[in-house]
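Novice: Using the sequences and the hints given, assemble the complete structure.
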Amino acid sequence: MCPAPRYDERQEDDEAMTEQHAEEPTTYDVAAAQERWRKVWDDLNPFEAADDGTRERRYALTMFPYPSGDLHMGHAEVFALHDVIARYWWQRGYDVMNPIGWDSFGLPAENAAIKRDEHPSTYTYANIETQAESIRRYGVSFDWSRRLHTSDPEYYRWTQWLFLRFRERGLAYRKSSPVNWCPNDQTVLANEQVVQGMCERCGAEVTKRELTQWYFKVTEYAQRLLDDMEMLKDTWPERVLAMQRNWIGRSEGAHVDFEIEPREDSGGGTLAGRTVTVFTTRPDTLYGATFFVVAADAKLAGEICAPERREAFDAYLEQVRRESDIERLSTEREKTGVFLGRYAVNPVNGERIPVWAADYVLADYGTGAVMAVPAHDQRDLDFAKTFGLPVRRVVDTGEENPEDTFVATTGDGVYVNSGDLDGLTDKTSGISTVVERLEAERRGTSAVNFRLRDWLLSRQRFWGPPIPIVHCETCGEVAVPDDQLPVVLPDLRGADLKPKGTSPLAAAEEWVNVDCPSCGGPARRDSDTMDTFVDSSWYFLRYCSPHHEDGPFDPEAVRRWMPADQYVGGVEHAILHLLYSRFFTKALHDMGMVDFVEPFKALLNQGQVINQGKAMSKSLGNGVNLGDMIDEYGVDAVRLTLVFAGPPEDDIDWADVSPGGSLKFLQRAWRLSGDVTSEPAVPFDGGDLALRKVTHRTVREAEQLLESQRFNVVVARVMELVNATRKAIDSGCGPADPAVREATETVAIMLSLVAPYTAEEMWQRLGHEPTVARAGWPTVDEALLVQDSVTAVVQVQGKLRAKLEVSPDIAEDDLEAMALAEPVIQRALEGKTVRKVIVRAPKLVNIVAS
RNA sequence: GCCCCGGUAGUCCAACGGCAGAGACGAUGGUCUCAAACACCAUACAGUGUGGGUUCGAAUCCCACCCGGGGCACCA
Numbered sequence: 004m005c006p007a008p009r010y011d012e013r014q015e016d017d018e019a020m021t022e023q024h025a026e027e028p029t030t031y032d033v034a035a036a037q038e039r040w041r042k043v044w045d046d047l048n049p050f051e052a053a054d055d056g057t058r059e060r061r062y063a064l065t066m067f068p069y070p071s072g073d074l075h076m077g078h079a080e081v082f083a084l085h086d087v088i089a090r091y092w093w094q095r096g097y098d099v100m101n102p103i104g105w106d107s108f109g110l111p112a113e114n115a116a117i118k119r120d121e122h123p124s125t126y127t128y129a130n131i132e133t134q135a136e137s138i139r140r141y142g143v144s145f146d147w148s149r150r151l152h153t154s155d156p157e158y159y160r161w162t163q164w165l166f167l168r169f170r171e172r173g174l175a176y177r178k179s180s181p182v183n184w185c186p187n188d189q190t191v192l193a194n195e196q197v198v199q200g201m202c203e204r205c206g207a208e209v210t211k212r213e214l215t216q217w218y219f220k221v222t223e224y225a226q227r228l229l230d231d232m233e234m235l236k237d238t239w240p241e242r243v244l245a246m247q248r249n250w251i252g253r254s255e256g257a258h259v260d261f262e263i264e265p266r267e268d269s270g271g272g273t274l275a276g277r278t279v280t281v282f283t284t285r286p287d288t289l290y291g292a293t294f295f296v297v298a299a300d301a302k303l304a305g306e307i308c309a310p311e312r313r314e315a316f317d318a319y320l321e322q323v324r325r326e327s328d329i330e331r332l333s334t335e336r337e338k339t340g341v342f343l344g345r346y347a348v349n350p351v352n353g354e355r356i357p358v359w360a361a362d363y364v365l366a367d368y369g370t371g372a373v374m375a376v377p378a379h380d381q382r383d384l385d386f387a388k389t390f391g392l393p394v395r396r397v398v399d400t401g402e403e404n405p406e407d408t409f410v411a412t413t414g415d416g417v418y419v420n421s422g423d424l425d426g427l428t429d430k431t432s433g434i435s436t437v438v439e440r441l442e443a444e445r446r447g448t449s450a451v452n453f454r455l456r457d458w459l460l461s462r463q464r465f466w467g468p469p470i471p472i473v474h475c476e477t478c479g480e481v482a483v484p485d486d487q488l489p490v491v492l493p494d495l496r497g498a499d500l501k502p503k504g505t506s507p508l509a510a511a512e513e514w515v516n517v518d519c520p521s522c523g524g525p526a527r528r529d530s531d532t533m534d535t536f537v538d539s540s541w542y543f544l545r546y547c548s549p550h551h552e553d554g555p556f557d558p559e560a561v562r563r564w565m566p567a568d569q570y571v572g573g574v575e576h577a578i579l580h581l582l583y584s585r586f587f588t589k590a591l592h593d594m595g596m597v598d599f600v601e602p603f604k605a606l607l608n609q610g611q612v613i614n615q616g617k618a619m620s621k622s623l624g625n626g627v628n629l630g631d632m633i634d635e636y637g638v639d640a641v642r643l644t645l646v647f648a649g650p651p652e653d654d655i656d657w658a659d660v661s662p663g664g665s666l667k668f669l670q671r672a673w674r675l676s677g678d679v680t681s682e683p684a685v686p687f688d689g690g691d692l693a694l695r696k697v698t699h700r701t702v703r704e705a706e707q708l709l710e711s712q713r714f715n716v717v718v719a720r721v722m723e724l725v726n727a728t729r730k731a732i733d734s735g736c737g738p739a740d741p742a743v744r745e746a747t748e749t750v751a752i753m754l755s756l757v758a759p760y761t762a763e764e765m766w767q768r769l770g771h772e773p774t775v776a777r778a779g780w781p782t783v784d785e786a787l788l789v790q791d792s793v794t795a796v797v798q799v800q801g802k803l804r805a806k807l808e809v810s811p812d813i814a815e816d817d818l819e820a821m822a823l824a825e826p827v828i829q830r831a832l833e834g835k836t837v838r839k840v841i842v843r844a845p846k847l848v849n850i851v852a853s
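Residue numbers for the first sequence follow my numbering, so the first one is 4 and each next one is one higher.
With a cut-off of at most 35 Å between alpha-carbon atoms, the simulated DSBU-like pairs for lysine-lysine come out as follows:
1) 501 / 220
2) 846 / 696
3) 730 / 667
4) 730 / 846
5) 220 / 503
6) 236 / 430
7) 220 / 338
8) 211 / 302
9) 338 / 211
If you anchor each label on the Cβ, the simulated ranges turn out as follows:
10) 252 / 322: 23 to 33 Å
11) 264 / 227: 33 to 43 Å
12) 255 / 404: 21 to 31 Å
13) 513 / 248: 43 to 53 Å
14) 414 / 54: 56 to 66 Å
15) 843 / 789: 15 to 25 Å
16) 322 / 449: 33 to 43 Å
17) 618 / 518: 44 to 54 Å
18) 321 / 271: 21 to 31 Å
19) 789 / 198: 55 to 65 Å
20) 156 / 277: 43 to 53 Å
21) 680 / 157: 52 to 62 Å
Since the hints were derived computationally from the structure, they do not count as laboratory data.
Positions of the beta carbon are idealized from the N, C-alpha and C atoms, including for glycine.
Specialist: The following block contains the structure:
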């Protein structure tokens with residue numbers, strides 16, 4: 004029940020003790036250390052990338068923060084984990100680039116500006132300063148000279164420039180389409196920003212609107228985004244790759260052409276026929292198509308609807324438009340639809356099948372029309388059941404007939420009622436037979452379809468990069484010339500920014516009305532701004548040459564640093580930011596601007612910091628304030644707690660961890676540095692061999708653990724070394740032994756990855772100049788890794804019977820002989836015949852006997 | 001429904017197919033103290049979600065199931 008002691012209270016006690024007993028202090032003053040080293044580090048500036056080619060380069064990248072208030076536990080965790088990697092690289096002698104910046108465009112600033120009647124930049128840059136200060140206090144090894152903010156005109160100038168390059172290549176285009184609309188934020192949303200029919204940002208129910216909007220043609224890269232994951236499969240978390248694969252949603256099948264029959268109009272005229280293509284993954288079930296369905300909200304439905312069905316169709320369409328995604332997404336729902344009064348002709352057997360409009364067919368997937376095979380597709384079967392349409396089985400899987408059970412069968416089986424397919428028994432040959440025939444008759448072709456949609460990038464909000472396009476009555480869409488970039492945001496504030504369903508920029512008359520760059524006539528600027536994910540799709544390139552003025556980045560600098568060696572950030576960006584960045588990189592590659600196709604070599608997703616089993620939230624009242632924790636335990640203890648809590652990708656339940664324990668350990672480690680009595684330059688050679696071996700083994704293990712990102716285990720190893728050193732001082736070789744200095748210095752260096760202040764305090768107390776962060780990783784003496792003897796275990800029938808101390812290079816025969824000679828083993832083998840002896844020298848002998 | 005990840009002491013977590021325990025939290029006992037806190041020392045606590053299989057040997061590999069977390073989902 005007793006809370007962990009606060010360091011300041013303990014410090015007072017220590018001072019009292021010091022007076023009474025004139026002993027070494029047992030703790031150091033954490034708050035004072037944080038003050039002191041901040042200044043020293045600012046002065047030494049130890050983390051600026053040299054970029055001079057003298058050392059191998061490493062690019063450590065962490066997802067840049069959005070400037071919302073101050074840092075929170077989530078930031079603390081990413082930064083702590085990320086910094087272990089960056090600082091380890093520094094210690095290993097790499098030339099590290101570890102930049103920081105802010106993803107500083109976005110809605111919260113705009114909403115705050117409306118409320119406070121000010122410009123969004125006020126809120127934004129104030130928060131950035133707060134966060135920057137907190138990050139400095141947190142001691143992250145960032146290279147501050149590369150700092151950038153996406154809302155700076157010198158940054159978004161190049162966001163606009165890139166947009167224009169994408170447009171030139173047809174990768175950015177405008178189209179009218181039904182789009183996701185958030186009625187609360189009063190803006191459109193990308194597909195990726197709609198979660199379960201709700202706005203990812205504010206949780207409001209998303210509706211549809213028909214709008215002309217800008218898109219990036221991500222779909223053109225769908226296959227490459229999928230294929231190139233092969234390069235990432237060992238260095239990216241499997242689940243992120245799985246999520247991207249899901250999201251891209253590749254499916255193989257065929258396009259099949261159906262003729263919609265012409266027919267007489269009841270008024271005596273003719274309704275023209277036309278060809279409609281459908282996408283299907285099961286062309287082999289074509290003979291089982293008993294009706295045809297068109298998405299009710301697709302243009303096609305209205306176009307082919309027969310006059311006598313028009314009224315029913317219009318009413319149905321009205322109903323469909325009113326329903327939200329929530330309703331529509333419910334799979335439990337009854338199927339709805341209307342007959343359109345038309346018939347389609349099945350290309351394989353000439354059969355006439357009725358054409359229906361329904362909302363279970365999606366307008367924006369495939370061709371917006373499907374052939375319905377109720378026997379072998381549950382959705383079609385549900386529809387057939389609702390409207391009494393025929394069901395015809397064409398694959399006999401041995402299961403009960405779907406006509407009777409209303410359970411569609413989807414497996415392999417014997418084809419029946421399928422013309423020349425009859426008798427085939429597997430899907431693969433059924434599909435290829437049909438596709439070959441369709442292709443020969445030019446009525447279809449094999450095809451691949453993707454679930455991925457193009458990336459909708461326009462936003463009807465203010466605080467983003469304006470789209471650098473001018474709309475001219477005579478010239479149409481005109482790009483703003485490069486030398487006129489950036490198109491800077493006007494000075495709007497407060498009520499001017501209120502969402503009205505159109506961009507606030509449209510109402511800024513002075514800003515929006517311009518001369519056409521092409522003909523000089525009257526024209527209007529495009530008044531939408533870009534999604535903030537556009538900004539973050541290339542910031543990692545800008546970091547390589549943040550002050551470059553002749554382009555978004557210096558291609559030479561990018562060649563030197565990219566792709567990033569390690570990216571650290573939250574899994575919440577698994578499909579949004581990471582997919583977009585991969586797309587940008589590939590597009591830039593195709594433009595010849597970069598020479599690689601994947602931006603991030605390795606990815607680490609840290610877990611969430613939760614509390615009492617639940618995500619921290621205001622409504623639950625279980626939030627843990629980072630600032631409070633730092634005030635109470637200090638930066639190092641918080642960092643150590645987050646790193647030690649478990650594997651980096653696991654969630655951390657704050658209720659399960661102990662920052663007080665972390666602080667205790669750090670003080671215990673620090674105490675070693677006061678006990679060392681040998682001189683700083685003392686040679687370690689003659690030191691206590693046992694302790695030296697522990698030290699060197701620990702360093703080697705830490706190297707391997709750090710490479711495999713098992714940082715929690717690294718901390719455990721450092722704890723072991725501290726324990727061993729403590730023991731050596733108190734009851735072993737004593738404080739004057741050089742091995743004690745070696746061990747303590749090693750602790751300081753290893754701790755510098757996680758607890759920079761404590762490490763610096765120790766380093767100084769050991770008589771060294773700052774900074775321990777650049778002291779260099781200890782060199783392992785291979786000779787000290789050799790063990791004099793190891794414990795071999797002797798098993799009988801796999802059960803442990805004896806242990807032997809043996810030389811590590813003992814021969815298998817010798818070990819076997821020793822094991823068999825062991826009295827305990829002899830006894831265990833009495834009356835038995837030895838069948839087999841497995842020897843794994845020098846660790847194990849297993850005797851199989853009966 | 002499909003796809004990923006994970007189930008080890010009271011808790012968080014370790015363990016190249018080879019002694020289930022490295023480290024920590026918490027607990028208990030002790031040393032120190034007038035007493036307490038701090039510090040230090042010591043001790044206890046699981047047979048690895050369940051059931052099969054492979055193996056001389058399985059926490060580890062394979063299969064099925066259960067539980068928890070996550071992703072996709074009327075995507076034809």
